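Peer 1: Line order of the protein sequences matches chains A and B. With the first letter of the first sequence counted as 1, position 65 gets the number 65 in my numbering; the numbers rise by one all the way through. With the first letter of the second sequence counted as 1, position 23 gets the number 23 in my numbering; the numbers rise by one all the way through.
Calculated from the structure, these hints are not laboratory results. Hints may contain errors.
[Unchecked claim] Chain B is faced by these chain A residues, among others (derived, beta-carbon under 7 Å):
id: 1; residue: Tyr44
id: 2; residue: Phe92
id: 3; residue: Leu220
id: 4; residue: Val221
Everything numeric in this text was worked out from a predicted model, so none of it was measured. The beta-carbon is built from N, C-alpha and C at its ideal position, and this holds for glycine as well.
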Amino acid sequence: MRIFSLFLILVSFISLTAVGQNTSKRIDFATYLLNQQFNQEAIYESNQILQLRISPPQKDSLHYIRGWAEYNLKELRASSQSLKQVGHSSVFYPKSQLFGAYNLIYLGDFGKASAMLDSFKTETPLNRHFSLFLRSGIDLLQRDIPSFRETVNKIPADYYGYTKELSQLNVIADELATHKRKSPLLAGILSGILPGSGQVYSGKTGQGIAALLLTSGLSLVVIENFNKRGPDKFETIFFGSVFTVFYIGNIYGAAFSAKIANDDYNALTDKQILFNLHIPLRNIFN
Amino acid sequence: MQAHQYMASLVEYERIVFQSNDAGIKKQAIFKKAMVYKAMRSYEKTEEELNRIGIRNPNDTLFPLKAYEMAFAQYMTGNYQAALSTIETYGVMISGEHQVMPGLLTLKILCYNQLFKFDRAESTIHQLAGLSNTHDSLNYTSLLTYYEKAPHYKNPETAKHLSILPGLGQVYCGKVFEGGLSFLLNASALSFGAWEVYSGYYFTGYVVGVTLLQKFHTGGQHRAELLARQVNEKHILKFNQLIIDNLVSP
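Given the sequences, and given the hints that come with them, work out the whole structure.
Peer 2: Pasting the structure below:
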């Protein structure tokens, strides 16, 4: 009986290690899939292995593999959820937390990104600096310049990993502080006085000239018909109405062009900020 | 559910590639993986996987199969020129007796049709008919009769240039009514402008006439160009379907 139970224990031990070996082989395979850029396959295989009974370090590796494959596929929300689950003891922990936060920043979910950085256990100065670096980016994306300066003051500016990008962020911050946004009201008023001048003010010179040519051409037509045919003739009323529609539409268009100019400026600035956040992360942690 | 199983088989084939030490088995697995993508109708992925298989030896059983599937995937993604060059480079190394040959030549015919190169399609049909291992029941040469009524290629550039005379480009593409309409629109804009100027309304004639005429004219040219492309696509699809119907079900 005793021998039998010993035998049972031995058999179960062997089978357990066999399962363990099998799992680690499967994780090797999932890593291979990720390295070969078979991202869909890597996600599938990770999910399959995660359903088995596996150790916490193995879970960490799989969450990292899944998260990174999702990042490669630009499934950023899913990616940050996977990366968030990578545990503290994993070698991939800092990379996972930082990229998870970056994904959320990219998606514009600043609240969740900050929360993720809050819970990030930074033990080395490098990780602390990068956490703050991302925070400064969040400040800048929210156009909170004083808070940005405060955050930047907490990190050494001369760390080789992000020196260039940090100075770029400072340049963007200076520019944002002095930038004057285009006023839709002013653009509208300008185009009311001289058709097309509102568009020129918004930086759309070509559109402005086209608007000026069309409106002044139509006004000449109206004047001609008014003088030669008389104010109560069909042609005069017809061209007069067309002119009015174009004139008023042009004022609305000028106001809209100012709004577009502002949106374009903001989108471009956001893109530059995200770019400058992304490059150091990829250089240091990839 | 089906998508799920496709993904599982993709992973299993890749696992074989990962675990096996045998180059031949690896190639087989990649080929099978490519066929999973084919079943999923992801032809770009099929081509990508097939490109991973490096075969130099034409006697390898996989060689002709790879050639056919590669050309097929390229045909399905609309890369007719690429499909033709695949058939050309691999075809010279495959024996005419091989079972894959009729398939390869059929693809070649369809590709030439798509490119409106009917003379080459016809000579490929002759080549196909000359193979010893084709179906006896199929009378390939009867296909040649269809080529007498093959659609004419409408050059989009020509259509555009013809539309300098409004509507002529549309007529060239076979749309007579639309061409007439375009001509009428242009003519009325021009005559309105001319009449106003003649009556002493210079600004009215110039501004309204020229603006409308310019819009109608360039619009008509763009329309003729687009029409030529659409007509070509529609005609060749119909023609190729006719050829496919007669090839597949004699």
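Peer 1: Take the shortest C-beta to C-beta distance between A:Leu220 and chain B; is it under 7 Å?
Peer 2: Since the shortest Cβ distance to chain B is 4 Å, the answer is holds.
Peer 1: So, as I understand it, the hint says A:Tyr44 touches chain B; can you test that by seeing if any CB pair is closer than 7 Å?
Peer 2: 5 Å, holds
Peer 1: Is the shortest C-beta separation between A:Val221 and chain B less than 7 Å?
Peer 2: 5 Å, holds
Peer 1: Going by Cβ atoms only, is A:Phe92 closer than 7 Å to chain B?
Peer 2: 21 Å, violated
The earlier numbered hint that this structure contradicts is number 2, and it is the only one.
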